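Model the placement of chains B and C on the given structure of chain A, informed by the hints.
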Amino acid sequence: MATQAPVNATLEQTAPRRLWLEVLHDWVTTVDHKKIGLMYIGYALVFLLIAGFEAILIRIQLAIPNNTFVSPQVFNQLFTMHGTTMVFFVGMPILFGFGNYLIPLMIGARDMAFPRLNAFSFWISAFGGLLLYFSYFGANGLYGAGSAPDVGWFAYAPLTARVFSPGHSTDYWTLAVLLTGVGTIGTSVNIVATTLCMRCPGMTLSRLPLLVWLYLTTSGLAFVTISPLTAAQIMLMLDRYVGSHFFDTQAGGSAILWMHFFWIFGHPEVYILVLPAFAFANEIIPVFSRKAIFGYPAMVAASVGIGFISLSVWAHHMFTVGMTAGANTFFVLSTMAISVPTGIKIFNWLATLWGGKIHFTASMMFAIGFLFQFLIAGLTGIMLSVAPFDWQLGGSYFLIAHFHYVLVGAILFMIFSAFYYWYPKITGRMLNEKLGKWHFWIFLIGFHLTFDFMHVAGILGMPRRIYTYEADRGWMIWNMIVSSGAFFQTIGTLIFVYNLIWSYFKGPIAGPDPWDAWTLEWSTTSPPPAYNFAVTPTVESRRPLWDLKHPEDPDSHYE
Amino acid sequence: MLVRSIWSGLAAQTSNGLAHGSTSIFAPAGTPAHSIFSLSMLVLSITAGIFLVVGGLLVYVVIRYRHRPGDTNSAQEPPQIYGSTQIELSWTVIPILIVVMLFLATARIIMATQNAPKPAAALDVTVIGHQFWWEYRYPKLGIVTANELHIPISDPAHPTPTYLTMSSADTDHSFWVPRLAGKMDLIPNRVNTMWIDPQTAGLYLGQCAQYCGTQHALMLLRVYADTPADFAAWVAHQQHPAIQDPAAAEGLAVFQHNACISCHTVAGTAATGTFGPDLTHLASRDTIASGSVPLTPANVRAFVENPAHFKPGVLMPPMHLNDHDLDAITAYLMTLK
Amino acid sequence: MSEAAAVTPNTAEPWVLPSRGIVGMACLIVAEAAIFIIFIVAYLYYLGKSLTGPTPHDVLELPIFTSICLLSSSATVHFAVAALHRAQRTATSLWLAATVLLGGIFLGGTAHEWYHLIVYDHLTIRTNLFGTTFYSLVGLHASHVIVGLIMLTLSLLFSVTGNLTSKHTNRLEVLSLYWHFVDAVWVVVFTVVYVLGR
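Residue numbers (the numbering used here), protein chains in the order written: chain A, 1 to 559; chain B, 1 to 337; chain C, 1 to 198.
In short, the hints are calculated from the structure, not lab data.
Just so it is clear, the structure is predicted and the values come from calculations on it, not from any experiment.
The beta carbon of each residue, even a glycine, is placed where N, CA and C say it ideally should be.
Honestly, I wouldn't trust all of these hints.
FRET-style restraints, in silico, Cβ to Cβ [unchecked claim]: (1) B:Ala112 <-> A:Ile60: 39 to 47 angstroms; (2) A:Leu24 <-> C:Phe65: 52 to 60 angstroms; (3) A:Ala301 <-> B:Ile63: 24 to 32 angstroms; (4) B:Thr92 <-> A:Ile60: 42 to 50 angstroms; (5) A:Pro166 <-> B:Glu250: 35 to 43 angstroms; (6) A:Phe360 <-> B:Val93: 27 to 35 angstroms; (7) C:His168 <-> A:Thr29: 24 to 32 angstroms; (8) A:Phe137 <-> C:Ala91: 54 to 62 angstroms; (9) B:Val53 <-> A:Phe137: 47 to 55 angstroms; (10) C:Leu101 <-> A:Val163: 41 to 49 angstroms; (11) B:Ser90 <-> C:His168: 53 to 61 angstroms; (12) A:His448 <-> B:Thr92: 53 to 61 angstroms; (13) B:Leu203 <-> A:Val163: 53 to 61 angstroms; (14) A:Val163 <-> B:Ala270: 41 to 49 angstroms.
16 angstroms max Cα-Cα, derived EDC-like pairs, lysine to aspartate or glutamate [said to hold, decoys possible]: (15) A:Lys506 <-> A:Glu433; (16) A:Lys345 <-> B:Glu88; (17) A:Lys549 <-> B:Glu77; (18) B:Lys337 <-> B:Glu305.
Facing chain A, from chain C, some residues (calculated, C-beta under 8 angstroms) [stated by the list, open to error]: (19) Val16; (20) Thr132; (21) Ala184.
Okay, chain A solo, but in the shape it has when bound (with noise of 0.2 angstroms):
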């Protein structure tokens, strides 16, 4: 970036320094993937920062019972902020914005296919986030029934019609969902058109590396996830403002036809989340156990596969609403289906790792705690596909045991270890390598704090979304260790927003390729200047860096 004052010549070519409003002007009207990429970044770690404070004061009002730090409103209103915050406006900016950054670089494409629609899907995400946050102002409905929504991240009808959220929050909900929706089917429009229209000379779809490979299966689960909860928030809204009867129980309709469009979003939803989880692992581990990937094959397939299984099992979210015998037995099977791909990829980062020689940087050990919590957080997964073993778990503190270890031991650690990993390339500095490590033990201690007791509360029969709980169920215990780990994930979170600044400024410079890596952006400048490439590449194998680096044993000569 230009702005910066040049401290090592040979950095980049010095630039004069310009009018902050210039900057502004060049970042609000950019359409450079690079930059949208890193807006996306930024945006989703100011939404963490935010939500993970809601989620301390939930902790704060859970640690004992009958407490009354807040009141019940509030704390219904903090889960679903909690919730719809997390999914929509961290997950998903962060891992977009990643895939924004490094697709293009890693087929040696000069932008994404569709720059402008690039930017326009940013800012209608980035507009969502602030519309429903907007609703803590606005929103005072009649008799003040307004302000945050409060009808829990997944909404269910008839919780949201009008007659039972009178107000706006809900609408806030509802429009801020949409627009962020809109936007993710814009970036993924754009990531399959730069994957099969702009890959450089010679990456034929069996070279393309697994990243982006997972990043293309994520874009086309978008297609036909979004859209079943843009169609029902359509619905949504016609039934609260022209009194259609969508899910009106009063005309006839019906509250489950709700629950089977939202989870058939719901359930893909979260593969979404976590199919770039396993594309940054498919990078990180290789480089840092300096072996290839094991078995690239299979883990395509298994990728692919896992996206097309993940649009068969939405009902395991509705095991308890009174399915047939039959349609539960089905979801059953699709859901236990869903764990062989799974399996297979664990497998192979395994045998990456066996045999090769591990370096534990901060980026990999975050890498290994994915490993082993991705692992637990499947079998707790199987658990819970065995309905009648979720007729006791499912809505309970082991359920949200069970996706916050997914959506925070796996796909949360698989981000920092991300971020660790391409720092270097984005800024041209190295994070602190020590703080990192401090990061990384504290935040474990945190996490596992947290969510390994969070399991005997919902074994203890702790339901969820519960504000306060009677004093002799024996859940105090747990709770408050469960509260206390949130303490530690805090230090070990604002640690890392310290390195991440600190670290633009001061870090050692980082050069083109610091891990001795073998994907295309290592082969360009860091930071990769506007047009990625001064030549556009060409490839003759997976590891076009390795066969660079050793041109005695290249990959191209095994497959």
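Coordinates of chains B and C only, in the frame set by chain A:
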């Protein structure tokens, strides 16, 4: 307040887990809960096995293959292995076999629970979920009550389970008494069924498990499993209309002249409202406010004065009665045994 | 999808990748199809479940003429693309005008049908489940027709003023793909609403 909460919480912790407060899914007390428990033990042992094997391998790999800078060849790249069809096939086939086995075990329990035949001696109870209380109707016994569910225990030799037919009057709810069975949702415009059969007499606790609005957290469940004799006595008592105690006549007048009767029913009086819980035998219960507040005159009075004191966001509005009327109405309600 | 593995830039085999516009539009079509499918599922789910009010059988008539117009417009837009490819400006303009006209007739027919349903049959979106699902599904389709017609009219204007040339063929083809999608959705909606549902 804070100290008292912590103290009572710790006290509950140290008492016998299976006493009053326990809602552990691993302390089953009825057939559905037992069969889920058995299945869960199978699932847990399989997943524990997988965890030990795969997790163990991960720990081993991370230690064994760490980069040691002092070693010979530390600067060289290790041998690049791109894949192995045999190994990959095996770790595809073995998980498939595990999945098939687990699926068959699961399917069996689903069928057994959901399609269980109904014995002739079963008790029928209709459960209607409301924001934020439970309505119970015993159609064949002519009983309507609220929030405290009395059912007979079931002898495995001659089963007398309770079949619950469930729906909702407003939003989605869920009936979850972990020691008796898994949860089942109560959904408006839809009828769901489940059955429970506690085999030991006692009180089984639970609560609503599907977010239904502001006071979802205090929509508690109390299932009283009675011996056959106790249950028969309870039924007989409930079948009587409300006790008319002349000493509480003034309270009855207050009750009937205010808006109480538009929401509540007291059998045998002019009160026939159905929006709120049936109060015919209110004073025979242990709790008010959906199980969250013990039934005492002081609590009843405080609740009528301002329900939001106990349950902020509850749908019953404060009745704006003066002290005199409050005393009278409390006295009246306490006579409704 | 045509592509070849080029080893070096000097190999005879060219590195050919699909058109961005076509791929992008194909993705959009998949996403839009998913939205329509949800509305169609809602329609089918609620068939026969209305508690009151007019039923499909009571009030719906097969819109044969307007459907023929809409489906013919797929052919006309195809000819427009072919004409543009051959750089025949007048033919392109005429075929585009025909497409807009046929689409406009369809839209007018829908408007007429709705007027009749609302004013004479007293069926609105809030009347019953049939009203809700009918107006939302047909309305969603009509809104897509409107968007398509706006784009086609713009293309027609560009063609008439001489600004649309054969190097824009790919773009017009992308638009025609959208229009074909809109027509295909109508085939499904027609079958579900006017044939199966009545």
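Hint by hint, here is what the structure shows:
Between alanine 112 of chain B and isoleucine 60 of chain A the C-beta distance comes to about 43 angstroms, which sits within the given range of 39 to 47 angstroms. Distance hint check: the CB atoms of leucine 24 of chain A and phenylalanine 65 of chain C are about 56 angstroms apart, consistent with the given range 52 to 60 angstroms. One distance hint, 24 to 32 angstroms for the beta-carbon pair alanine 301 of chain A and isoleucine 63 of chain B, holds here, with the actual separation near 31 angstroms. Separation of threonine 92 of chain B from isoleucine 60 of chain A is about 46 angstroms and conforms to the stated range, judged on CB atoms against 42 to 50 angstroms.
A hinted range of 35 to 43 angstroms for the beta carbons of proline 166 of chain A and glutamate 250 of chain B is consistent with their spacing of about 38 angstroms. Range check, phenylalanine 360 of chain A to valine 93 of chain B: Cβ separation about 34 angstroms, and the 27 to 35 angstroms hint holds. The hinted range of 24 to 32 angstroms is satisfied by histidine 168 of chain C and threonine 29 of chain A, whose Cβ atoms lie roughly 26 angstroms apart. About 57 angstroms separates the C-beta atoms of phenylalanine 137 of chain A and alanine 91 of chain C, a value consistent with the hinted range of 54 to 62 angstroms.
Taken as a hint, the range 47 to 55 angstroms holds for the pair valine 53 of chain B and phenylalanine 137 of chain A, whose Cβ atoms sit roughly 53 angstroms apart. Between leucine 101 of chain C and valine 163 of chain A the C-beta distance comes to about 46 angstroms, which sits within the given range of 41 to 49 angstroms. In this structure, serine 90 of chain B and histidine 168 of chain C meet the distance hint of 53 to 61 angstroms, their C-beta atoms being roughly 56 angstroms apart. About 31 angstroms separates the C-beta atoms of histidine 448 of chain A and threonine 92 of chain B, a value inconsistent with the hinted range of 53 to 61 angstroms.
Range check, leucine 203 of chain B to valine 163 of chain A: Cβ separation about 35 angstroms, and the 53 to 61 angstroms hint is violated. The supplied range of 41 to 49 angstroms is broken by valine 163 of chain A and alanine 270 of chain B, whose beta-carbon atoms lie about 28 angstroms from each other. A threshold of 16 angstroms between alpha carbons decides the hint, and for lysine 506 of chain A with glutamate 433 of chain A the separation of about 13 angstroms falls inside it, so the pair holds. For the hint pairing lysine 345 of chain A with glutamate 88 of chain B, the CA-to-CA distance comes to about 10 angstroms; that is within 16 angstroms, so the pair holds.
Taken as a hint, the lysine 549 of chain A and glutamate 77 of chain B pair is honoured in the structure, with Cα atoms around 11 angstroms apart against an allowance of 16 angstroms. At roughly 21 angstroms between alpha-carbon atoms, lysine 337 of chain B and glutamate 305 of chain B are farther apart than 16 angstroms, so this suggested pair is violated. Of the supplied interface hints, the one on valine 16 of chain C is violated, with its beta-carbon coming no nearer than about 10 angstroms to a beta-carbon of chain A, more than 8 angstroms. At a threshold of 8 angstroms, the smallest CB-CB gap from threonine 132 of chain C to chain A is about 4 angstroms, leaving the interface hint in force.
Interface restraint check for alanine 184 of chain C: the shortest CB-CB distance to chain A comes to about 16 angstroms, outside 8 angstroms, so the restraint is violated.
In terms of the numbered hints stated before, the structure departs from hints 12, 13, 14, 18, 19 and 21, listed from lowest to highest.
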